[in-house]
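So you can see what is in the structure, the chains are spelled out below.
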Amino acid sequence: MIDFLKKLFGHSGSSSTAKERLRLVLMTDHLELAPDMIDAMKRDLVDVISRYVEVDRDKIDVTFEQQDKALAMLANIPILSVNRANGQPAPSVAVAASAEPAPAAVATAPAAADAPAPIKRKRRRRKKAKSQGVAGVPETAPA
Amino acid sequence: MNARRIVVTSGKGGVGKTTTTANLGAALAKRGKRVILIDADIGLRNLDLVLGLEKRIVFDLVEVAEGRCQLRQALIKDKRFESLSILPAAQTREKDAITEEQFSAIVDRAAEQSDYVLIDCPAGIETGFRNAVAGAAEAIVVTTPEVSSIRDADRVVGKLADRGKPMRLIVNRLRSDMVRSGDMLSVDDVCEILAIELLGIVPDSDEIIDTTNRGEPVVLDETSRVRVIYDKIVRRLEGEIVPFTRFDGQGFFGRLFDAMKVG
Numbered sequence: 011m012i013d014f015l016k017k018l019f020g021h022s023g024s025s026s027t028a029k030e031r032l033r034l035v036l037m038t039d040h041l042e043l044a045p046d047m048i049d050a051m052k053r054d055l056v057d058v059i060s061r062y063v064e065v066d067r068d069k070i071d072v073t074f075e076q077q078d079k080a081l082a083m084l085a086n087i088p089i090l091s092v093n094r095a096n097g098q099p100a101p102s103v104a105v106a107a108s109a110e111p112a113p114a115a116v117a118t119a120p121a122a123a124d125a126p127a128p129i130k131r132k133r134r135r136r137k138k139a140k141s142q143g144v145a146g147v148p149e150t151a152p153a
Numbered sequence: 407m408n409a410r411r412i413v414v415t416s417g418k419g420g421v422g423k424t425t426t427t428a429n430l431g432a433a434l435a436k437r438g439k440r441v442i443l444i445d446a447d448i449g450l451r452n453l454d455l456v457l458g459l460e461k462r463i464v465f466d467l468v469e470v471a472e473g474r475c476q477l478r479q480a481l482i483k484d485k486r487f488e489s490l491s492i493l494p495a496a497q498t499r500e501k502d503a504i505t506e507e508q509f510s511a512i513v514d515r516a517a518e519q520s521d522y523v524l525i526d527c528p529a530g531i532e533t534g535f536r537n538a539v540a541g542a543a544e545a546i547v548v549t550t551p552e553v554s555s556i557r558d559a560d561r562v563v564g565k566l567a568d569r570g571k572p573m574r575l576i577v578n579r580l581r582s583d584m585v586r587s588g589d590m591l592s593v594d595d596v597c598e599i600l601a602i603e604l605l606g607i608v609p610d611s612d613e614i615i616d617t618t619n620r621g622e623p624v625v626l627d628e629t630s631r632v633r634v635i636y637d638k639i640v641r642r643l644e645g646e647i648v649p650f651t652r653f654d655g656q657g658f659f660g661r662l663f664d665a666m667k668v669g
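The listed protein sequences derive, respectively, from chains U and Y.
Residue 11 is where the first sequence starts when you use my numbering, and the numbers rise one by one after that.
Residue 407 is where the second sequence starts when you use my numbering, and the numbers rise one by one after that.
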């Protein structure tokens, strides 16, 4: 009878867990399979941030990790100095800039939005790398 | 040379590539198509066994590649279907016994004398996979609705996309009761995750185990429910638009029906 009621009211079985786990693991798989995309994204990130501050290009570290139900991109970008002269953003910068200044130069950007975005194929990702890579990364506030 | 050259692949082993290849081949032959099935799983050949042709092997794929016999000498004609033959894999050799070029050349020759060449790809993504895919112009990806199978299928889909091969998906061994109770990924889930076009949905079935035991393709059994499914898949391959038989009717009434049946 419990079985009957469970089924009647559509209890959620393990399939939703399977789907969620797969979504995350495939996103990680695709990232690992696209090292050149990560490199391109790093380059673009640095180019944008360098408009405001001088950063240590050799010590930039971009990693991905699972945080709850989303994959997060963690970028650790050491700042060498702040260049006041270049404090104005160029109009052409294609950054969805968040207003919050990052405390250090550590930016955390959820790579997956709340809505479970369909997992894109590697190829498509590569093509979009430039625009996707920088979107949603809080920039360091100009001093 | 006009033959369709299709590789049946999955990444993961044991999801039903060989059974799918055998039954699609038989279903195509039943429609009068000239079909050659190539077992690319060198060292672990099974297509012959699934089709009940294991006692008739004289030469194999590697011997053809090495020029030790003609393709026609190695092809085994299936007596139940006039226009179906298989090229068995070598059992005592390894995957690197042939090159991509040799394999493609054999597929080309097979394509000259048939309408369809179906290649049964080995599991994995190494040499055997590369050979099998090199010879094909298109691919059928087989997966079961399980996480490991889907993850491996995703890897294969990426590799096929890199090579520019058009591909379609067969979801194999679907258990409708489990999908309805939410305990198995649905076909929609699988399609959403893999993001490739659906070619067929094959339910988990005792008939497949039974017919494989006997070495008879299930499509021979006129009363079989699964036969109808393979026939539909083949019609879709031929370009017909055939509605899918859904085995995972969701919604309140679907669940009510299922609950009454089970509970």
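The reader is advised that the hints may include incorrect statements.
Far from chain Y, some chain U residues (derived; all Cβ distances over 10 Å) [unchecked claim]:
(1) ALA28
(2) LEU36
(3) ALA50
(4) ASP54
(5) LEU90
Calculated cross-link-like contacts (lysine-lysine; reagent style DSS-like; alpha-carbon spacing at most 25 Å) [unchecked claim]:
(6) Y:LYS439 - Y:LYS565
(7) U:LYS29 - U:LYS79
(8) Y:LYS439 - Y:LYS501
(9) Y:LYS501 - U:LYS29
(10) U:LYS29 - Y:LYS418
Simulated from the structure, these hints should not be mistaken for laboratory data.
Predicted, not measured: the structure shown is a model, and the values here were computed from it.
Where is the CB? At the ideal position from N, CA and C, for every residue including glycine.
Do the hints match the structure? See the list:
1. ALA28: violated, 5 Å
2. LEU36: Incorrect as stated: the minimum Cβ-Cβ distance to chain Y is 5 Å, not above 10 Å.
3. ALA50: At about 17 Å from chain Y, ALA50 of chain U clears the 10 Å cut-off, so the statement holds.
4. ASP54: holds, 23 Å
5. LEU90: Holds, because the least Cβ-Cβ distance between LEU90 of chain U and chain Y comes to about 39 Å, which exceeds 10 Å.
6. Y:LYS439 - Y:LYS565: violated, 29 Å
7. U:LYS29 - U:LYS79: holds, 12 Å
8. Y:LYS439 - Y:LYS501: Violated, at roughly 30 Å.
9. Y:LYS501 - U:LYS29: The hint is violated at about 34 Å.
10. U:LYS29 - Y:LYS418: Judged against 25 Å, a Cα distance of about 18 Å means the pair holds.
In this structure, the hints that do not hold are numbers 1, 2, 6, 8 and 9, in rising order.
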